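Participant: Take the sequences, apply the hints, and build the full model.
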Amino acid sequence: MADRSGTKGTAVAEITLAVSRDVVAARQAVARVLKERGLSAMRITRFATAVSEIARNAIVHGGGGRISIYLDPGKAYLRVECRDDGPGIEDVTLAMTEGYTTAGGLGRGLGGAKRLSHDFEIRSAPGEGTTVSMSVKL
Amino acid sequence: MPQTSTANILSILETDFSSLIEDWLGTQVKEGVKRSDLFSDSESRAQNRELLRAFSKGVRAGVVNEEFNLDDDAWEDLRAVLVDVSKERVGRGVTPTEMATFVLALKSTLFKRLEAMPDLEGQRLIRDVLMVTRLVDAFAIYTNEIFIGERDQIIERQRQEMLELSTPVVELWDRVLTLPLIGTLDSARAQEVMENLLQTILERQAEVVIMDITGVGTVDTQVAQHLLRAAAAVRLMGAECIISGISPMIAQTMVQLGIDVGTVSTRSSIRTALSDALQKVGYVIKTSEVS
Amino acid sequence: MSGVTSINLVENALLVSIQDDVTDTEIVELQDTLSNRIAKENVKGVILDISSLEIVDTFVGRVIAQLAGISRLLAADTYVVGMRPAVAVTLVELGMYLPETRTALSLTHALSQLRRG
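Residue numbers (the numbering used here), protein chains in the order written: chain L, 68 to 205; chain V, 548 to 838; chain F, 1168 to 1284.
A hint or two may mislead.
[What the hints assert, rightly or not] Among the chain V residues that face chain F by a calculated CB cut under 8 Å, a handful are: (1) LEU572; (2) ARG736; (3) GLU739; (4) MET741; (5) LEU745; (6) LEU749; (7) GLN752; (8) ARG776; (9) ALA779; (10) LEU783.
[To be verified] Which bits of chain F does chain V cover? Going by a derived footprint, with three or more residues having C-beta under 8 Å, they are: (11) 1201-1215; (12) 1245-1254.
No lab work stands behind these hints, which were simulated from the structure alone.
No experiment lies behind these values; they were computed from the predicted model shown.
No residue lacks a Cβ here, since even glycine has one placed at the ideal position from N, Cα and C.
Facilitator: In structure tokens, the structure reads:
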């Protein structure tokens, strides 16, 4: 595995998101890294669940995308960045609202993922796709 | 003449002993390190005396060719005194700055005396000042390390005490657990208590859990939320949850706050909760006919 | 139906062991398969063993809740058994309390509850 260090830190894995099997691959990759770092089952489950929500969103709403996993430069956080080239989100605040849904779901995915992460950032605009960046303390 | 670099220092330490102690004490007072609220004069004087005695012993045996190492045997007494003084001061709440200043105050006291030596000047004065500086700095660094180590121990001890105070999950009977909650229930503690409880349910295969809130001072919306979330997680794992110790006062507050406990069972006392719990796992409490 | 999830008839309940690598597609297929079998085999219960699941997110949670609703309409109870502590905490945090389902510590517990009715 190439050790590419940059401002985002060291890249650990990158997964293409196209079909539902990729969601499983993404959350399992994250869980594996966290397990190696000795995190408790409780914390692994919480963050892997958040990753699962975001990865699925990229496929269902964004028509597919990519997920990148980084160890931050200080190695104190694991950062996950999920990008898609979908239609984007018109109102990010509304999308984060509990119970708001466009795909007939529960509308708990985004807000839930935010609660389960250490920090959570979403950047999106109509026609420009969506990028979600979230991290967990190691 | 390698001996001379310490000869002057030794002569000051040994011949001028008593006045040195007073001077050092004076500097400490002037720099605000000797806190009259924490140390009596006689205590400080005794500490200064011991330290200086160990200092001269160290210099006599532990400085060779202007080099020294505080880890050497020659410095054993000095290390012991520094450990004693530091530990005692940490216990009294002295700050690291105060502690370092206390040791470093020795420098100016010694400098003044070196300066006053009639035939000491130029290169030789500088050499001796340098030696004193290196020695006293080393003492200060050593003191600081003890200080930090001592602080770490205090923190660790307090952390352990906190953990012991935090709620234990008790196996009351086969397949029945109880969680006696005491004090305040903030988010962090609620989370820890819940994780601990769920783990014990798994390990003991417990079917009923009694969360007793008799010892919880106030139940506001937040506390109620924590309790109900814990109860929901218990149910998801497949066990039943009874919240006991709901006083009439707490019941009134909960209703006024509009807290809906939903399907969670609640009882006023742990006594009725226990009897219900035992019944759920197939036991009955009966009065013995013998008595 | 993928091979990762097995459905077995135990007493008069359908026992389903869901594997950790189950995909969204597979779990939706499972819902369909199970609905048909509940009706055809006239079972009293469906037991979902999720003890191997490290995570249950909102999608899987929603499918489980729907399955419980479907079973209810077909006169069967749905039991979720073996949920891990970390999964329970996360689901609660996501606001998914699964009130439609019954829960039990293990398969044995679920079966004895089903026998009692």
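Participant: For each hint, tell me whether it holds in the structure or not.
Facilitator: How the hints compare with the structure:
no., hint, result
1, LEU572, "violated (59 Å)"
2, ARG736, "violated (15 Å)"
3, GLU739, "violated (11 Å)"
4, MET741, "holds (6 Å)"
5, LEU745, "holds (3 Å)"
6, LEU749, "holds (6 Å)"
7, GLN752, "holds (6 Å)"
8, ARG776, "holds (5 Å)"
9, ALA779, "holds (5 Å)"
10, LEU783, "holds (4 Å)"
11, 1201-1215, "violated (count 0)"
12, 1245-1254, "holds (count 7)"
Violated hints, listed in ascending order, are 1, 2, 3, 11; each of the other numbered hints is respected by the structure.
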